[in-house]
Amino acid sequence: MWSFSEIAKNIDLWLNDLVGSTWALVLEMVIAGVAVIGLFAALGLVLVIMERKVAAWIQIRLGPNRVGPKGMFQSMADTVKLLVKEGMTPDGADRLLFNVAPFIAMIVAMLLMAPIAFAKDFQLWDMNIGVLYITAVSSLSVIGILMAGWASNNKYSLLGAMRSGAQIVSYELSGGLAILAVVVLTGSISLTDIIKAQENGWWIFKGHIPVIIAFIIYIIAVTAETNRAPFDLAEAESELTAGFHTEYSGMKFALFFLAEYINVFIVCAIGATLFFGGWMPLHIGNWQAFNHIMDYIPSSVWFFGKTFFLIFLIMWFRWTFPRLRIDQLLNLEWKYLLPISMINLLLVTLIAILGWHF
Amino acid sequence: MYRETEIIKDAPQFGEPGFGDLVINVGPQHPATHGVLHLIITLNGETIKDIKPNLGYIHRSIEKMCESLTYRQFIYVTSRMDYLSAHINNHACALVVEKGLQVEVPERAQVIRVLFDELTRIASHELWWGAMAMDLGAFTPFFHSFRERETINVIMEETCGARLTMNYYVPGGVMWDLHPDFQKRVKDFITLYKKKIHEYDELVTGNIIFQNRMKGIGYISPEDVISYGCTGPVARGSGVHSDIRKVSPYSIYSKLDFDEVLETGGDSFARYVVRIKEMHQSIKIIEQLIDNIPEGDFQAKTKAVLKLPKGEYYQSVETARGELGVYIVSEGGTTPYRIKFRSPGFSNLSALNHMIKGGKIGDLIAAMGTLDLVIPDIDR
Amino acid sequence: MTNEELKVKLTELLPSATFEEGGEWLNVYIEPAALPAFAKQLKSDEVLQFDFLFCLTCVDWKTHLTMVYHLRSTKLQHAVVVKAKLDRTKPEIETVSDTWRTAEFHEREVYEMFGVHFLHHPDLRLLILPAGWEGKNPMRKDFEDPVNMIKL
Chain A
1 MWSFSEIAKN IDLWLNDLVG STWALVLEMV IAGVAVIGLF AALGLVLVIM
51 ERKVAAWIQI RLGPNRVGPK GMFQSMADTV KLLVKEGMTP DGADRLLFNV
101 APFIAMIVAM LLMAPIAFAK DFQLWDMNIG VLYITAVSSL SVIGILMAGW
151 ASNNKYSLLG AMRSGAQIVS YELSGGLAIL AVVVLTGSIS LTDIIKAQEN
201 GWWIFKGHIP VIIAFIIYII AVTAETNRAP FDLAEAESEL TAGFHTEYSG
251 MKFALFFLAE YINVFIVCAI GATLFFGGWM PLHIGNWQAF NHIMDYIPSS
301 VWFFGKTFFL IFLIMWFRWT FPRLRIDQLL NLEWKYLLPI SMINLLLVTL
351 IAILGWHF
Chain B
359 MYRETEIIKD APQFGEPGFG DLVINVGPQH PATHGVLHLI ITLNGETIKD
409 IKPNLGYIHR SIEKMCESLT YRQFIYVTSR MDYLSAHINN HACALVVEKG
459 LQVEVPERAQ VIRVLFDELT RIASHELWWG AMAMDLGAFT PFFHSFRERE
509 TINVIMEETC GARLTMNYYV PGGVMWDLHP DFQKRVKDFI TLYKKKIHEY
559 DELVTGNIIF QNRMKGIGYI SPEDVISYGC TGPVARGSGV HSDIRKVSPY
609 SIYSKLDFDE VLETGGDSFA RYVVRIKEMH QSIKIIEQLI DNIPEGDFQA
659 KTKAVLKLPK GEYYQSVETA RGELGVYIVS EGGTTPYRIK FRSPGFSNLS
709 ALNHMIKGGK IGDLIAAMGT LDLVIPDIDR
Chain C
739 MTNEELKVKL TELLPSATFE EGGEWLNVYI EPAALPAFAK QLKSDEVLQF
789 DFLFCLTCVD WKTHLTMVYH LRSTKLQHAV VVKAKLDRTK PEIETVSDTW
839 RTAEFHEREV YEMFGVHFLH HPDLRLLILP AGWEGKNPMR KDFEDPVNMI
889 KL
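Line order of the protein sequences matches chains A, B and C. For the first sequence, this note's numbering begins at 1 and goes up steadily by one. For the second sequence, this note's numbering begins at 359 and goes up steadily by one. For the third sequence, this note's numbering begins at 739 and goes up steadily by one.
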């Protein structure tokens, strides 16, 4: 059957034959880098048009419908506009930090691509500390935002960046604890092992109510971590005009914009991996016939299907909920989500020790 | 036209009061001020310490302008004050001229005026509802409210020929008769409205985040409401009996069956509920009148050149935002000697600092949303 | 309270007040110096209770200025108009913003439009006009601005 892992293997063999193993490795790294950047661009385009279409659907309107068939090329036109627009640096800004900040945000999002398994045996880097790597790197994204806010020499930007700092640092906790629930059940922090463990059923079904709670907390926490409504306080446009990226324009703004969407994709991909089995098809216990039919659907379709379902969920939040206030946001985390996820983790541990899960 | 913004001179040192304060100019170009309102706010972290409104960015000196316009002309300028309740502004001016001339307005014209007033009130509240939800970060309600508002605009366009500044009222009645489709369109609108209004509650009112943002925010006591001269839904949200349609009824409001909406919360949520319920009351008024529009003239016969007798005339009406008063001093000529518009937004805005001091930036936006400020109405 | 009753009651409070009738409401003319005390009495008196200042403005009569205060009682629903004549060259009157808070903004508007100085006002600055308009008083009858003023 057609699969990504076969293609990758064939390319690997062909390169080894052609230029020898050292150069093959170098070339493969280049190919991987180009592929990640390409995926970035493609995902940015797709997610922006998806967001606009979902928003339009929720808001009883048509959405973009002029550029290309059904407006599908609208985000291309937007990209061209952003590319040719002047990227201004305000007077009094810290020029170095101001110009570096969007790249930091971008690089963090790119780094997070490494351990994600896009299909069966198709992964950039199958590291044994996958979950740890993800939680560690994703906390770096706050640095880009703080840099942007501080360097802009704008009070709105500074307020937005400070809000975002407080928010990301606090929601990291319950997000991490929610991930730990799955790690405890699997007994491994390697993403490959976590996916393998879901061969006979996804954790969201196998883990009883505690895992469902962990999933809900995870979704709330990542929505907050990616600064999306209803937690978009860092860029709350009715309060802080555009928050930390008020002063950015042109491609520098586009990088922030893109990084936000890529972050959404990544957290949803990780959510899909942890709770919905990543590329693993829907398997139910030992119903052999059913499982076999499900295996016919390619693993990449499973992965992207689950991821985009979660992305749709996050978009749905954005277009329905009003924004929280900053103190309510922190209250929600420190007074509700954190205690709940701690107790939940205890419950999950109990289930794991006693082997109550399926 | 550019005013130097206020910056803290001689910045306080550590330990002195005011150390670490941040002065932010919210506006004149800001997404939440819905126009060119300029607030100079002093922040300590996220907490608001002081708000100083700075007005005049859209000041056109309508009062001075009216001094050189005749009594037929000046009505149309007033549509541009509170453009969201243009009909009701015109109504106030028409009433004050009629009071001076002692013209009896035909029954049909009065009914038409009340119908349009109430449609305007609904349209204004619809826009407020959407814009306020947008201030709180929810975009979708805006489009839902515009679905209903659009049908009202179509009704207005058919009869008055315009969608925003209608200029339909003249001293003595209305400019021309209703469009033949008017009754059918309004009935269609009522059907649509009743079918969709529950969505408003599902989407916004019942939302837990929304309630947390609104309840207890921007509290103002009944005594302060009266002292600050707040009127309209702001006053009624604090339980102050202030609906001009009930306090001193004009036109045919005394004959109609409707309730003055009073809430006692005094916070943003109470003001929100008042406006939502007011829309229901307006629908109730329209339902009473739409099948009973009397036949007859739509305009009383008036002279071509109007001259108000020497004296002073005051008329207040209830616009969507509160009490609009028109005060005319006449010297007996064809133009007013002095005219003063007591606009509801101006007084409501003056209470903003009192309401919000000590709150967060988010509270400012939420409370400002429930004040329903229209900047041309404040600046005039 | 009817206008007649109001007249009797107000004469008791301020014997120097003169009255003018004919309009919808009773007009009371008072001396500017008597205003602050009179305002407090109007608000606190049991049978008057004028707690709502719904309009505050000024009229330029070319020879003098007249301050006009429209008052209503939200409990008793009667209204009165208080007027005070001011000297046109040096208009000064005590503020009533400590009695009715709404007067603070309205007085600032009258200050910039008519140049009336409100003594003891907490924050008497330009409100609507931009800086540089102090002392120009655009709402006075003799104000001329050849650039911005359109006359029909």
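What the hints contain is simulated information worked out from the structure, not anything from laboratory work. Since the structure is predicted, the reported quantities are computational estimates derived from the model, not experimental observations. Even for Gly, the Cβ is constructed at its ideal location relative to N, Cα and C. Watch out, some of these pointers could steer you wrong.
Said to hold, decoys possible - BS3-like cross-link-like pairs, simulated, lysine-lysine; straight-line CA separation at most 30 Å:
hint, chain 1, residue 1, chain 2, residue 2
1, B, Lys573, A, Lys335
2, B, Lys422, C, Lys823
3, C, Lys813, B, Lys642
What the hints assert, rightly or not - Computed footprint of chain B on chain A; a stretch qualifies when at least three of its residues, placed anywhere within it, have a C-beta under 8 Å from a C-beta of chain B:
hint, stretch
4, 54-64
5, 102-116
6, 325-335
Hint check results:
1. Lys573/B to Lys335/A: holds (20 Å)
2. Lys422/B to Lys823/C: Within the cut-off at roughly 21 Å; holds.
3. Lys813/C to Lys642/B: OK: Lys813/C and Lys642/B at ~27 Å, within 30 Å.
4. 54-64: holds (count 5)
5. 102-116: violated (count 0)
6. 325-335: holds (count 4)
Hint check: a violation occurs at hint 5 only; the rest are consistent with the structure.
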